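Asker: As given, the protein sequences belong to chains E and C, one line each in that order.
Numbering of the first sequence is given in the working numbering, commencing with residue 102 and proceeding in unit increments.
Numbering of the second sequence is given in the working numbering, commencing with residue 35 and proceeding in unit increments.
Simulated from the structure, these hints should not be mistaken for laboratory data.
Accuracy of the hints is not assured; some may be wrong.
[To be verified] Result set (BS3-like, lysine-lysine): computed pairs, CA atoms no more than 27 Å apart in a straight line: (1) 341(C) to 309(C); (2) 114(E) to 217(C); (3) 216(C) to 114(E); (4) 408(E) to 396(E); (5) 152(E) to 114(E); (6) 384(C) to 341(C).
Quantities reported herein were computed from a predicted structural model and do not represent experimental measurements.
Residues per chain, in single letters:
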Amino acid sequence: MKATHLYIFNSNKIRIIARVLLFNILLIVILKLIGYGLDNLINAKYALRHKAKIDGVMDHTLDSDIAIFGSSVAYTHFNPSIISSKVNKTCYNFGLDGTPLNEYKGILNEFLSYSTAEVIVLAGTYSELAERTQIYEFKKYEPYLGNENLYNALSDIDSELAWKSRYVPFYNLIQYNKDFYDILVETKFDFKLLDHNIADAKDYKGFHPVTIDWSNQKYDTIKVEISEKTIINYQEILRKANSKGIKVILVLSPIYIQGQRHIVNLNQIKDVYKNLAGEENIFMDFTQSDICNRKELFRNNTHLNAKGANIFSAEFSAKLNKADLIGS
Amino acid sequence: MLFNSFEFLVFFPTVALLYFLFPYRFRWVLLLIASYTFYMFWRVDYAIILVISTLIDYGCSRMMDKYPEEERDKRKPWLWVSMLSNLGILFTFKYYNFFNTAAKDLAEVLGVGYAAPAFELLLPMGISFYTFQTMSYTIDVYYGRIKAEKHLGIFALFVIFFPQLVAGPIERAGNLLDQLRKKHDFNYQRVTDGLKLMAWGLFKKVVIADRLAVMVNQVYNNPTDYEGIPLIIATVFFAFQIYCDFSGYSDIAIGSAQVMGFRLMENFRRPYFSKSIREFWGRWHISLSTWFRDYLYIPLGGNRVLKWRWYYNIFIVFLVSGLWHGANWTFIVWGALHGFYQVFGFLTSKRRDMLVRKIGLDRHEDFYRVVQVGTTFALVCFAWIYFRANSIGDAWYITTHIFSGLAESAKAIVSNVDFARLKLLYIGQQIEHYALAICFILILVLAELFQRKKSLRSAMSNASIIYRWGLTYALIITIILFGVYESNAFIYFQF
């Protein structure tokens, strides 16, 4: 017995165990340091453009009478300053670039859990109702994966990615994909971008005007596969908002007239929005707006430039006043 | 289950740990269960094909073993049963639709009615690998080179041993079966060596191959959008992609087996440093090349026949090798090209030697070697066009346009036109992504150059702990930060 005991714990084995432990501890320390360094770069360069607003929702400090949600067509089209001045209510743009309802549902659910908003705007373009199978810029959600609302929404899209990112140590490190390195090199570590992002969050109230000119646009025929899952998500959100006395405005944002002709089921998309809105909520269709005939207001087929965004915000405010949804 | 997946990251350490904790006599059970689990992560129902294949080969080999070696005639029917079953399964799943379509096309040309139905069958992962492995076993038993394995469990493990199940190396029973019976104790040096090899394989796969795949796919999926320089770049990149993909897999397979004490055969030996096509095939996918040598080339008569027949044998072997890789004309042309290279090489070898002596190239040994290696690499790259192209039409387009507009493209690139550079040189990728790919290829080439004289792992073992650990950390961190993780399966899984 004594001999076996000595065999198991002989000095060579102890040395090996100590070496393995030291190697792994050092590796963990190095990976932690790298993770810390990269996360700070990420905060500065990559995700911060949305960090302030996601932080604000997650710690329940950001609220307004009119809350605008949606993807880039919310983020770059709705100017809260103009809307506030026209309707005399506070307004904040919670739009997240590249992020349709299926993806921002978690953030919106969290917002609904504390908000005292009167109106929520859900803005989208023709592709909003399609199925979402990938999470856009997943890094921006990583700090908040502990939040159940956010985690559940992301799990609905990519359960494996959400689970691994939440529970597997250092899994976040492999998420620094080539886009991140591209951005680092492209911006040459220029921290002016940081100031710009802070300005978006504070001065512009989450709005991000884009001053790019119209670029050559290729028109392919598009037929949007409307996803049942997306419709269910919309219905859930509408029910939840309405149960709290919040009205929802569904917005189909302007699409350049020539581009509209290439979307074969645009009318079907509008019908879905109309049905979703029902009697209790409102559907605003901006594809009929005069804006859609003015190429100089667009930067591409579905996105307005800064000038277009201001005109659009004014038109939206007028419609909002006309709809008489806001209490005095 | 993919080697570059999170599942394998959990699966492998668990199996390896349990392997050393399990009593010796139950280890085969553990490995058998682990191997079936590994396979069934892909498809549960297809494991039945492996079970059938195992039972048939086990039964046939045991029946053959009943008769002495001299009574081969009595063994023969069982060899036929085994061969027909294995090749029948392979044909049904892999080749039926290909030959069916070819027959239909031929019937159309001849104006004859043809109405055999097409089947929508998913190709079982690694079918060509395990079929060839079991076929070599029954052939070896038939010739009396090995005795039939009596233990069904050990034999089943030989067929499905998870490290090399889906993409080789195609092991011989003579090497692997014995090892499956032996007791392997924990050996620190061997385990760390195995892990280092796995890390190197993973680096080749996720950092190099999958990074290059983005650019290669861009061009090869839309070849008619390009001509000249981008076609050349994509083809050279594909040469490195497929090498890193396949040799990366082999490294992980060999390394993971080594951790548990098993020694699998070497599958790649720096093939792009070959000085001839013949040498290339002695260094590329060695387990398959030697399989074809032993079970097809030599039975056909090898080189102990008339010269024309020898050339015919070589050509047939490469043609079959092409077909082994896939049921598509592109693979057949790829195999035929290599067959042609070989035959042409033999036919012209004396004249080429004379030419080399005449121009004095042989007096500049190093330069001559560079010329030989460069020529071989170019020929291999040319053949890769047919391997990678989605169709013969695409491959022909690339072949006829690969040297088109070179002067204009070069001029546009040199004159610093951003758009031209982006499209022609960087193939639509950011320069950083492109530079990273080149940088990692250089690291690979340097590592392989170093290994011409000394094994990198043994050099590392002799180095101080700072260098050793430093290099290992660098490798791990590079894999984590610069790997491309988008569930890219290994190319050779499809074969």
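Asker: Each hint should be assessed against the structure and marked as holding or not.
Answerer: These are the hints, each one checked on the structure:
1. 341(C) to 309(C): holds (24 Å)
2. 114(E) to 217(C): Status holds; Cα separation ~20 Å.
3. 216(C) to 114(E): holds (23 Å)
4. 408(E) to 396(E): Judged against 27 Å, a Cα distance of about 11 Å means the pair holds.
5. 152(E) to 114(E): With a Cα-Cα distance of about 49 Å, the restraint between residue 152(E) and residue 114(E) is violated, given a limit of 27 Å.
6. 384(C) to 341(C): At roughly 15 Å apart (the allowed maximum being 27 Å), residue 341(C) and residue 384(C) satisfy the hint.
In summary, the structure is inconsistent with hint 5 from the numbered list given earlier, while agreeing with all the others.
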